[in-house]
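Colleague: Given next are the chains, with one letter for each unit.
2 protein chains.
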Amino acid sequence: LAEQAGGITVSTLKEAEYYFEHGIIDITYAVGIVPVKMERIISLIKKGAKITLIADSVEQVQFVSAYASENKVEIPVSIEIDSDGHRSGVQPGVPLLMEIATLLHKSPGVSINGVLTHAGASYQAKSIEDIRRAAKNEQKAAVSCAELIKKHRLPCPVVSIGSTPTAVFADDLAGVTELRAGVYMFMDLVMAGLQVCDVSDIAISVLTSVIGHQKEKGWIITDGGWMALSRDRGTASQVTDYGYGLVCHKDGTPLNGMILSATNQEHGIISSNTDQKIDFSSFPIGTMLRVLPNHACATAAMHDRYHVIKNSDEIIHEWIRINGW
Amino acid sequence: LAEQAGGITVSTLKEAEYYFEHGIIDITYAVGIVPVKMERIISLIKKGAKITLIADSVEQVQFVSAYASENKVEIPVSIEIDSDGHRSGVQPGVPLLMEIATLLHKSPGVSINGVLTHAGASYQAKSIEDIRRAAKNEQKAAVSCAELIKKHRLPCPVVSIGSTPTAVFADDLAGVTELRAGVYMFMDLVMAGLQVCDVSDIAISVLTSVIGHQKEKGWIITDGGWMALSRDRGTASQVTDYGYGLVCHKDGTPLNGMILSATNQEHGIISSNTDQKIDFSSFPIGTMLRVLPNHACATAAMHDRYHVIKNSDEIIHEWIRINGW
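Protein chains in written order, with my numbering: chain A, 27 to 351; chain B, 27 to 351.
Keep in mind the hints are simulated off the structure, nothing from the lab. Don't be surprised by glycine CBs; every beta carbon is placed ideally from N, CA and C. Accuracy of the hints is not assured; some may be wrong.
Between beta-carbon pairs, the in silico distance windows are [to be verified]:
(1) Q221/A to D301/B: 55 to 61 Å
(2) I346/B to I154/A: 44 to 50 Å
(3) L199/A to P280/B: 56 to 62 Å
Under the rule of at most 20 Å between Cα atoms (straight-line distance), these lysine to aspartate or glutamate pairs were calculated in the DMTMM-like manner [claimed, not checked]:
(4) K276/A to E292/B
(5) K243/B to E344/A
(6) K40/A to E125/B
(7) K243/A to D330/B
(8) K241/B to E173/A
(9) K40/B to D108/A
(10) K241/A to E125/B
(11) K241/B to E292/A
(12) K276/A to E344/A
(13) K241/A to E344/B
(14) K40/A to D110/B
Derived list of chain A stretches under chain B, where covered just means 3 residues or more per stretch with a C-beta under 8 Å from a C-beta of chain B [as the list claims (entries may be wrong)]:
(15) 127-136
(16) 162-173
(17) 235-243
(18) 250-260
(19) 301-308
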């Protein structure tokens, strides 16, 4: 980002505003646009930001064009492609794609930035082969739509894909110009379960204290519940279900067999997921433990900052988070 | 709270610090105490707060007494009772109860405040009768422990219970001196599923915008995903599973049959949970909808403030939240 080679993707306008205030110009807001958000977008553009929006309907192009023209600004718009049916976007091959592209090209204040997709279904892959197929499908969906637009003699400079599993396992990125991946930065247990990373690659954890023992039940009680970990149960459908997280020593060494099996608001329950019983004498009240989360995004969202640490407890940086909208 | 009749219960020290700064003196911190938190607690007490802690082990009494004596302060401690086996606390009837009580009574810097329990298992009740039984059990567990302590000629002034379902359906509160209930304030779909409230009693919702249609699938896509609603799936095990929430018109009228069936980080997917198909023409892009959440606590925690509204969109107050620890 030092020379702003590729810009950033954000999922909220609050992120866009924060990063623009801190010097980043080229920002894609990758959630379908609605009229109520246009005022803040126009304001950012007037201050010098290059904001790219996404659309998967004619209506969106119409009101973005109207706002842009009225405010005498230019807004590049990427057409959102639904490469795997998991949420929004235009299906490749339907007439709507060229309807939107044509309208974008001829309407004042807007232009075709390109096509954009997210292979979110890759999170449900059952094997690396599944992920490779999802990556191929993602590339093919995006590139084929871009080619169709170009065949109609319209511009389509950006072909943007992105999901962490497909980013790691894509064999063929021919025709792709941009990749957006999020969990990629920290990784998490869901990604380890998908074989996208190793547990030792996970660079995010929640520090928690032992507050009690329920010995007959084999439980250690901690002060880290779902307020600290989030309610995400992403590993529930994977081969290894870690409950709400894998427990580690304070220095990050996994205590294999010990998981955060249940959570209340501010309480965590650690139990064994193997035949091995927990040795309570090793975890007296006050012992600090780390928990590796199922889903880095969901867990991080429960906090207002990251502590960047060295040697298990030396805090060398604090990174604030931009939560909210 | 105007005359501080009963004080408050908090689940984080950040809440304790915030409310003390805003004039509330009598504060129970109802999560098992650990040494690393004692410095902040001592600091609050020295400034004039009356902080009550809870303990379910001898070790906790020992270190709280040591910190209190060293700092020349007095700390009342309630003994946490495990009335239904769902997380922490001393089981009624085991010798540990009197061990802790005796130690609290004779140790410097600490005193027996009373007993405290939370009938969290009432959230899994299958009928109102189940909740009544849970309430009876909660009262009985707390009162019997208090009576045992008093039988040993030790003081036990406070008998504290609390969970929203049992607070609503308790028939007999004889011997109980304090009730702590949280969801009670807003109610939510889980409480409606338990027949603790009616859907029309729910006083909290997330406002969201329609950002797209996936007509072949019967989906409306919104900009409110699990970042706005939380990952809580509390109604999943109830008779009516609302997914991530029940969809309403902007004025709060439920659109019965329309639920937030799935969420991504910043995307919600609304679909029908009845035979009735969604009429997309009634929900053009930009339409604002409210979503009633499964769990008020979890959803509120995703936000930094409440907008108190009148007539569907007039904001008459902003209440900030105290997130974090």
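Colleague: Each hint needs a verdict: does it hold in this structure or not?
Modeller: Structure-based check of all given hints:
| no. | hint | result |
| --- | --- | --- |
| 1 | Q221/A to D301/B: 55 to 61 Å | violated (41 Å) |
| 2 | I346/B to I154/A: 44 to 50 Å | holds (46 Å) |
| 3 | L199/A to P280/B: 56 to 62 Å | violated (46 Å) |
| 4 | K276/A to E292/B | violated (32 Å) |
| 5 | K243/B to E344/A | violated (44 Å) |
| 6 | K40/A to E125/B | violated (53 Å) |
| 7 | K243/A to D330/B | violated (37 Å) |
| 8 | K241/B to E173/A | violated (25 Å) |
| 9 | K40/B to D108/A | violated (43 Å) |
| 10 | K241/A to E125/B | holds (17 Å) |
| 11 | K241/B to E292/A | violated (41 Å) |
| 12 | K276/A to E344/A | holds (18 Å) |
| 13 | K241/A to E344/B | violated (45 Å) |
| 14 | K40/A to D110/B | violated (43 Å) |
| 15 | 127-136 | violated (count 0) |
| 16 | 162-173 | violated (count 0) |
| 17 | 235-243 | holds (count 7) |
| 18 | 250-260 | holds (count 7) |
| 19 | 301-308 | violated (count 0) |
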